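Top line first, the protein sequences correspond to chains A and B. Quick note on numbering that gives the first Met the number 0: the first sequence kicks off at 0 and runs consecutively. Quick note on numbering that gives the first Met the number 0: the second sequence kicks off at 0 and runs consecutively.
FYI, nobody ran anything at the bench for these hints, they're computed from the structure. Just to be clear, a hint being listed does not mean it is correct.
Pairwise CB distance ranges (calculated) [to be verified]:
1) P39/A to V148/B: 21 to 27 Å
2) V34/A to T61/B: 28 to 34 Å
3) Q58/B to E35/A: 51 to 57 Å
4) Q37/A to L48/B: 30 to 36 Å
5) V34/A to D13/B: 19 to 25 Å
6) N52/A to N73/B: 33 to 39 Å
7) D40/A to T150/B: 18 to 24 Å
8) R28/A to D13/B: 27 to 33 Å
9) G149/B to E51/A: 44 to 50 Å
Distance condition first, Cα-Cα at most 16 Å in a straight line; then the derived EDC-like pairs of lysine to aspartate or glutamate [as the list claims (entries may be wrong)]:
10) K152/B to E138/B
11) K152/B to E122/B
12) K47/A to E122/B
13) K49/B to E36/A
14) K47/A to E17/B
15) K49/B to E78/B
16) K48/A to E45/B
17) K47/A to D13/B
18) K152/B to D142/B
Keep in mind the model is a prediction, meaning the values are calculated, not measured. Just so you know, even glycine gets a beta-carbon here, dropped at the ideal spot from N, CA and C.
Chain by chain, the residues run as shown.
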Amino acid sequence: MSSTPEKPGDKSAQRKGRAKPVWAEGLRRMYDEVVEEQLPDDFVALLKKLDENGDRQ
Amino acid sequence: MKTVTASKIPKNYDFRAELTSVLSHLRAFARGLCGRPDYADDLVQETMLKAWAARDSFQPGTSMRSWTFVILRNVYLSEARRNRFRGDYDPDVAEKLLSQPAGQEDGIHMGDLRSAMMRLSPERREALLLVGAGGFSYEEAADIAQCAVGTMKSRVARARRSLEEMLGNEGDKGVRAKSRAVSHTEMLADLDKVASL
């Protein structure tokens, strides 16, 4: 039996072949919930400041 | 042969836009790593500063998410080694902070899952966050965590087993009692181990 090499970024390959445990979806959801949050104002302000300072870092 | 002194980044490359596009992922990774939203945002801001300062070393066309995750991970580990948050972490507080009122997912309480994640050793938690939540391949995750692909696979497998043990096959609620017995000292000892790799 030969092993199947994994391809970078091939997420479906990782998910295939194993029954997805009940917590797996929860874990993804936990991550995605934060991803979907609005960025705090501090972050936007910091980016702006960094951009304004330009090369003077 | 010419010596390259200028930035590799083309003039029209919008580093800020690229960085902005991954900030929400950095927040999710940071929050998963440390379990505290406020501290996680501090980590991300520190990561932003470091990424900006090192922007000339970023190669356009490569993954900004991977590049910044490496920076964030290093910031997290160095802060942890400096004991910035030693003693601050309280699993009960973390659970309250992180629990979602309607967080019920197929029989698993999201608060239980978060508590269980925080009970994993830092390297296993990181592995699961990268591969299970962030959707990175094992190779990408290994690059970020600066370990061999085989090591990453083994960390993910062990993390899965640990989570399943803690949550039970049907996602029972038994984890609640166990989670309160988490040893933060133990967690920091593991962190030191990871940081010294």
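Verification of the supplied hints:
1. P39/A to V148/B: 21 to 27 Å: violated, 35 Å
2. V34/A to T61/B: 28 to 34 Å: violated, 21 Å
3. Q58/B to E35/A: 51 to 57 Å: Taking Cβ atoms as reference, Q58/B and E35/A lie about 29 Å apart, which means the hint is violated.
4. Q37/A to L48/B: 30 to 36 Å: violated, 21 Å
5. V34/A to D13/B: 19 to 25 Å: Holds, at about 21 Å.
6. N52/A to N73/B: 33 to 39 Å: violated, 23 Å
7. D40/A to T150/B: 18 to 24 Å: The hint (18 to 24 Å, Cβ to Cβ) is violated, given that D40/A and T150/B are roughly 39 Å apart.
8. R28/A to D13/B: 27 to 33 Å: holds, 31 Å
9. G149/B to E51/A: 44 to 50 Å: holds, 46 Å
10. K152/B to E138/B: This hinted pair holds, its Cα atoms lying about 9 Å apart.
11. K152/B to E122/B: Given that 16 Å is the threshold and the Cα spacing comes to 12 Å, the pair holds.
12. K47/A to E122/B: Distance ~34 Å between K47/A and E122/B Cα, so the pair is violated.
13. K49/B to E36/A: Violated, because 23 Å separates the two Cα atoms, which is more than 16 Å.
14. K47/A to E17/B: holds, 14 Å
15. K49/B to E78/B: holds, 14 Å
16. K48/A to E45/B: holds, 14 Å
17. K47/A to D13/B: It holds: about 13 Å lies between the C-alpha atoms, which stays within 16 Å.
18. K152/B to D142/B: Roughly 12 Å separates the two Cα atoms, so the pair holds.
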